[in-house]
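Chemist: For reference, the chains in residue letters:
Number of protein chains: 2
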Amino acid sequence: MTNILDGVRVLDFSRVFAGPAATQVLGDMGADIIKIEPPTGDEARYYGVSKDKLAEMGGVSPSFVALNRNKRSVALDLRNAAGKEIAQKLVEKADIVVHNFRPGVMERLGFGYETLSALNPRLIYSEFSAYGTTGPMAGMGANDLALQAHSGLISITGEPGRPPVRCGTAIVDLHGSLAIVAGILGALLYREKTGEGQRVESSLMLSSAHLMSYFYTEYWVDGTVREPMGTANHLSVPNQAFPAKDGEVVIIASTDEMWQRFAGAMGPEQLDIPEFSQVFSRRTNRVALIEAVSAITRQMSCAEIVEKLSAVKVVVAKVNSVGEAADSAQLQAVGGKIMLQVQDRQIPSVVSPFQYSAVDINQGTPPPGLGEHTNDILQELGLDAEQIDDLQNSGAFGGLRAAAE
Amino acid sequence: MTNILDGVRVLDFSRVFAGPAATQVLGDMGADIIKIEPPTGDEARYYGVSKDKLAEMGGVSPSFVALNRNKRSVALDLRNAAGKEIAQKLVEKADIVVHNFRPGVMERLGFGYETLSALNPRLIYSEFSAYGTTGPMAGMGANDLALQAHSGLISITGEPGRPPVRCGTAIVDLHGSLAIVAGILGALLYREKTGEGQRVESSLMLSSAHLMSYFYTEYWVDGTVREPMGTANHLSVPNQAFPAKDGEVVIIASTDEMWQRFAGAMGPEQLDIPEFSQVFSRRTNRVALIEAVSAITRQMSCAEIVEKLSAVKVVVAKVNSVGEAADSAQLQAVGGKIMLQVQDRQIPSVVSPFQYSAVDINQGTPPPGLGEHTNDILQELGLDAEQIDDLQNSGAFGGLRAAAE
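If you read the protein sequences in the order shown, they are chains D and L.
Note that my numbering has the first sequence beginning at -1, numbered continuously upward.
Note that my numbering has the second sequence beginning at -1, numbered continuously upward.
For the record, the hints were derived by calculation from the structure and aren't laboratory data.
Only a predicted model underlies this, so the values are computations on that prediction, with no experimental measurement involved.
Some clues are possibly wrong.
For lysine-lysine, the following DSS-like pairs were computed, each having C-alpha atoms within a straight-line distance of at most 27 angstroms [said to hold, decoys possible]:
| hint | chain 1 | residue 1 | chain 2 | residue 2 |
| --- | --- | --- | --- | --- |
| 1 | D | Lys191 | L | Lys191 |
| 2 | D | Lys191 | L | Lys91 |
| 3 | D | Lys91 | L | Lys191 |
| 4 | L | Lys306 | L | Lys243 |
| 5 | L | Lys87 | L | Lys243 |
| 6 | L | Lys243 | L | Lys91 |
| 7 | D | Lys87 | D | Lys191 |
| 8 | D | Lys311 | D | Lys51 |
| 9 | L | Lys51 | L | Lys335 |
Listing some non-contacts, in silico: residues in chain L with all C-beta distances to chain D over 10 angstroms [said to hold, decoys possible]:
| hint | residue |
| --- | --- |
| 10 | Thr113 |
| 11 | Met135 |
| 12 | Glu157 |
| 13 | Ser211 |
| 14 | Trp218 |
| 15 | Pro266 |
| 16 | Gln297 |
| 17 | Ala327 |
| 18 | Val357 |
| 19 | His371 |
| 20 | Asn373 |
Facing chain L, according to a computed beta carbon distance under 10 angstroms, are these residues of chain D, among others [claimed, not checked]:
| hint | residue |
| --- | --- |
| 21 | Leu65 |
| 22 | Leu76 |
| 23 | Ala79 |
| 24 | Ala80 |
| 25 | Thr131 |
| 26 | Leu151 |
| 27 | Glu190 |
| 28 | Gly195 |
| 29 | Ala230 |
| 30 | Pro241 |
| 31 | Val248 |
| 32 | Ile249 |
| 33 | Ile271 |
| 34 | Pro272 |
| 35 | Glu322 |
Using N, Cα and C, we set each Cβ at its ideal position, and we do this for glycine too.
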């Protein structure tokens, strides 16, 4: 059973989140991912952890572990002539280049699309920027939070009447990572047909706009500007969290049939009344409905509510903590966790979000040490030990290779 | 210039969000999307709008418009023998089937993977479920909110010390849509190599776990369970929204270099102090730092802050409303909007989140009316008017075709 991208080589110049998350998915699909790191390493190696924890983890942060399995690492100083020359040789043998520098940076380094496609016309060049490569904001830096703000996502997240909040995870980055993956896979299909490489662009801008698309359409249709609604939304009622004795559960009974079953199971006297019986009337009477439902759920445990509503096929789910979610038996059952051997410990990792019947899940190799595969990869390029020493003396690795040995 | 999926036919049995969003992307890439709707139509046609607005929109909701361009619609009653027979004929000529029914439903209808792949071994069968097709929760229904709850995403979204909230948009569905797209494109590549179709699974479960992956890894490493932090996060400081005279801006100065530039531009006396100078010390002194920064930003307008910080290359973005975001000049500049002719009005729509240099953006055809292309598609199958009438009399269309004519 061969994997889908066996034999496909990706040169990954990207850092931190969206790019690395994308190449991890490609690696899971069998591609050979060569992570080109600056001599100081991908910043995500040190991200969001205390010095103590970093030491305990052997120098890699949990987010780095989460997004960098199935890769090899080469440390190269791209501002050094010898370092640049190696990178160019790697480009000649690559199928795909991925980067997420600001527009213009790769061009200044000598790795712009025009230059690289002249070296290798079959090359697929995946470019991920903040706001795109044209337009008034093209030059601005940004990250996930900036695009949560710019896209309006923050403005619809939070409690009504209180300051809006971010979506707790790096949703624009991670959604962008799948946009990169889909864009690249499409370009590979195009290359199968035509033999030609091309440039594929995505950005935090396009990723966030895609996430907000139905809100924009609604605004464009009639000027509606949505605001935060807590755990509720504007689409239907009930469709939100309700309090239980020991936590919260979300309950969704959007259609009239679901509502009927819900009301029957939870309290026909209080709930099975004409004011709540129809999609439109439930929206009109939402405040009264939410009060009536809350009065009932408050008397029950989360488990009782989930059991009762599951039995009548009403959508219900406990509001889990991160730990409860990570330990969910269901995640394990669907093959959602794989184990990585990170130095001397086994650390679980979440699989890519699609699974094939004809191809096994790629059992992950752990995140690479910085520059860990420099020698291997240079040897694959046909360089011998002496030539590699010369490169080191020329500063191609920024002094890093010795440390990795 | 041919589009990447020209000649690829998708039978789309999916409804509401993730599936339709996925097939819209495939349609944008040139695939022929045949939306198989029940005679009552995809529920999303009527979703989240008042009766008045629905009438004004010509019977389609904004969310339906946002996710259903570049498709044709056939209304079929799959529980009717004649309706089922047509669907089977369509399967024989399809490359891809997409559905998001609960596990078992397609099997009971006679459209399970085993049955369809026997009819058409090259078929790619994309299955999107709630919690996956195995495990203790496989049979449970769910939607975006349920998986925001189950995955722990809600538990990390909101203000500290207050009830958590949902992420304002249907992030699990939309992220899932790109998982479906990537999964299918991978399967098409595999078919190019091997000639074989296969089943590709994704789910709200896998989509949400992917979004939460780095939080799970952190928990698995040392038991850390994150909680809501408003607009801030645990990765770095400052990395959150700050108040301005006329709104809010997010400011991200994660690295020490960025912080240096930020402090220099905004107020060296108050900010360029040893307590704030390093990544780790900014995390330790976050409360004092946020107060000091807020005291400065409160005196300035959003535009002033954005201008001043952009000039020193610190990441900054205004917290836009949905309307400001939709009307953003940058979205327009990067080709993020295309115009759809929906009945007698032009309605903008957001593009798919990746763009090719060798292939144009597919100028969208508007969302189809329910069953609008039934006749066309049956004629393509070789049926003549009399045969189509017979099918109608047999109830294949659930009485719908006449209405669409």
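Chemist: Hint by hint, say whether it matches the structure.
Modeler: Structure-based check of each hint:
| no. | hint | in the structure |
| --- | --- | --- |
| 1 | Lys191/D - Lys191/L | holds (12 angstroms) |
| 2 | Lys191/D - Lys91/L | holds (21 angstroms) |
| 3 | Lys91/D - Lys191/L | holds (21 angstroms) |
| 4 | Lys306/L - Lys243/L | holds (15 angstroms) |
| 5 | Lys87/L - Lys243/L | violated (63 angstroms) |
| 6 | Lys243/L - Lys91/L | violated (61 angstroms) |
| 7 | Lys87/D - Lys191/D | holds (26 angstroms) |
| 8 | Lys311/D - Lys51/D | violated (44 angstroms) |
| 9 | Lys51/L - Lys335/L | holds (23 angstroms) |
| 10 | Thr113 | holds (15 angstroms) |
| 11 | Met135 | violated (4 angstroms) |
| 12 | Glu157 | violated (6 angstroms) |
| 13 | Ser211 | violated (4 angstroms) |
| 14 | Trp218 | violated (5 angstroms) |
| 15 | Pro266 | holds (22 angstroms) |
| 16 | Gln297 | holds (19 angstroms) |
| 17 | Ala327 | violated (6 angstroms) |
| 18 | Val357 | violated (7 angstroms) |
| 19 | His371 | holds (22 angstroms) |
| 20 | Asn373 | holds (28 angstroms) |
| 21 | Leu65 | holds (7 angstroms) |
| 22 | Leu76 | violated (18 angstroms) |
| 23 | Ala79 | violated (25 angstroms) |
| 24 | Ala80 | violated (26 angstroms) |
| 25 | Thr131 | holds (8 angstroms) |
| 26 | Leu151 | holds (6 angstroms) |
| 27 | Glu190 | holds (5 angstroms) |
| 28 | Gly195 | holds (8 angstroms) |
| 29 | Ala230 | holds (8 angstroms) |
| 30 | Pro241 | holds (9 angstroms) |
| 31 | Val248 | holds (4 angstroms) |
| 32 | Ile249 | holds (9 angstroms) |
| 33 | Ile271 | violated (21 angstroms) |
| 34 | Pro272 | violated (17 angstroms) |
| 35 | Glu322 | holds (7 angstroms) |
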